[in-house]
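Asker: These protein sequence lines map, in sequence, to chains A and B. Everything in the first sequence is counted per numbering that gives the first Met the number 0, starting at 0 for the first residue and increasing by one. Everything in the second sequence is counted per numbering that gives the first Met the number 0, starting at 0 for the first residue and increasing by one.
Source of the hints: derived by calculation from the structure; they are not laboratory data. Even for Gly, the Cβ is constructed at its ideal location relative to N, Cα and C. Hints may be right or wrong, so weigh each one.
Claimed, not checked - Okay, derived cross-link-like pairs now, SDA-like style, lysine to any residue, Cα gap no bigger than 25 Å in a straight line:
hint	chain 1	residue 1	chain 2	residue 2
1	A	221	B	46
2	A	134	B	72
3	B	8	A	149
4	A	146	A	111
5	B	38	A	218
6	B	64	A	131
7	A	245	B	8
8	A	269	A	93
9	A	221	A	5
10	A	245	A	136
11	A	269	A	256
12	A	125	B	5
13	A	134	B	63
What the hints assert, rightly or not - Quick look at which bits of chain B chain A covers, simulated, 3 or more residues with Cβ under 8 Å:
hint	region
14	30-43
15	49-58
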Amino acid sequence: MVLISIFAGALGSILGLGGGIIVIPALTLLFGVDIRYAIGASIVSVIATSSGAAARYVRDHMTNIRVAIFLEVATTSGAVCGAILSAYIQSRFLFLLFSLLLLQSAFTMWRRGDPEKKELSELPGKGHPWAHFLKLHSHYPDFHLGKNVNYFVENVPLGFLYMFGAGILSALLGIGSGALKVLAMDSAMKLPIKVSSATSNFMIGVTAAASAGAYYMKGDIKPEIAAPVALGVLIGSYIGAGLMTKMKSHLIRKIFIFILLIISVQMGIKGFGI
Amino acid sequence: MSDEKPIQKAELFISHLLRWGVFTCALVILIGWLSASNKMIMAGLFLLICLPIARVFGAALIFLKQKDYIYVGLSVYVLIVLITSLFLGKKL
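Next comes chain A alone, as it looks inside the complex (with noise of 0.2 Å):
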């Protein structure tokens, strides 16, 4: 279980993603863990990835924090928003819909190929006003490169409005929504895939940790199951933070289409309801 927990806590910690879709499915079909149980120790597996990751990426000026609190307002307002919605709309139906748009950003991103080759030769860019006005612009280091890489923000209306979808789906789904932050980072407003994975596994933990009291208090978190898991996560998104940075943008893209498939065929069982 640890060891799965480590291959979890890696791989999400690289894509920006909180390791549900790896911990969910191991935690059932392998060791017969009641759903219940195995989504209480999702939730805290996705707290581990952001928190684990994030103290790594937030020093390596990886993430752009500025970024991550103004796309938060959007994500904790369409949380709330979709915590009273859940009350009318029937979630088989946003399962199907969730797995049509996964499969189309996957679609549109493997088309796109590797922007970063082009971007990079295109510098410096406009930036969206409200970007200059927040301050968003920044740079990252990319090791992979050897230097610093300077971007700028595109589309943050645009941006703003997917968080808040994002909001809206992971409530009433119970998933992280951490594909749907990075695809929002990285196709509506431009950010480099690595800023954009870092930001968005800085965010998750927040989204995370606004239902995971609830889980806390109904007593979904199961001590026994849910401690093996914290730990290994810990460790494995230490490791993968370290990897990320050094890793080819490249790769890091193809690997996140690949993911994006995966997720979307997951949520398409759970809409059919097989």
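Position chain B relative to chain A; hints supplied.
Answerer: Leaving out everything else, chain B in the frame of chain A:
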């Protein structure tokens, strides 16, 4: 750029907060796990859940110190919504 230095200070502060927080949680959970003390594990997990909230609070403080009032406002808003949702969750 003039807004480079303060953000680096904020980053260092948040990074330290997370590092020590994670270290403490891991230690408490590990000791609880090894000694089969469920109470201790749950205490460690509780600390872990509190960590992101503490991080938002820390960000609010550091931006206040730097007189970056837009971001103080944003962090405080996030903090309020977080705490509200914790209470909403309690009711459900």
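Asker: Next, verify each hint and record whether it holds.
Answerer: Taking the hints in turn, this is what the structure says about them:
no., hint, verdict
1, A/221 to B/46, "holds (15 Å)"
2, A/134 to B/72, "holds (15 Å)"
3, B/8 to A/149, "holds (19 Å)"
4, A/146 to A/111, "holds (24 Å)"
5, B/38 to A/218, "holds (13 Å)"
6, B/64 to A/131, "holds (22 Å)"
7, A/245 to B/8, "holds (24 Å)"
8, A/269 to A/93, "holds (10 Å)"
9, A/221 to A/5, "holds (19 Å)"
10, A/245 to A/136, "holds (22 Å)"
11, A/269 to A/256, "holds (20 Å)"
12, A/125 to B/5, "holds (24 Å)"
13, A/134 to B/63, "holds (16 Å)"
14, 30-43, "holds (count 6)"
15, 49-58, "holds (count 7)"
Comparing the model with each earlier hint shows no violations; every hint is respected.
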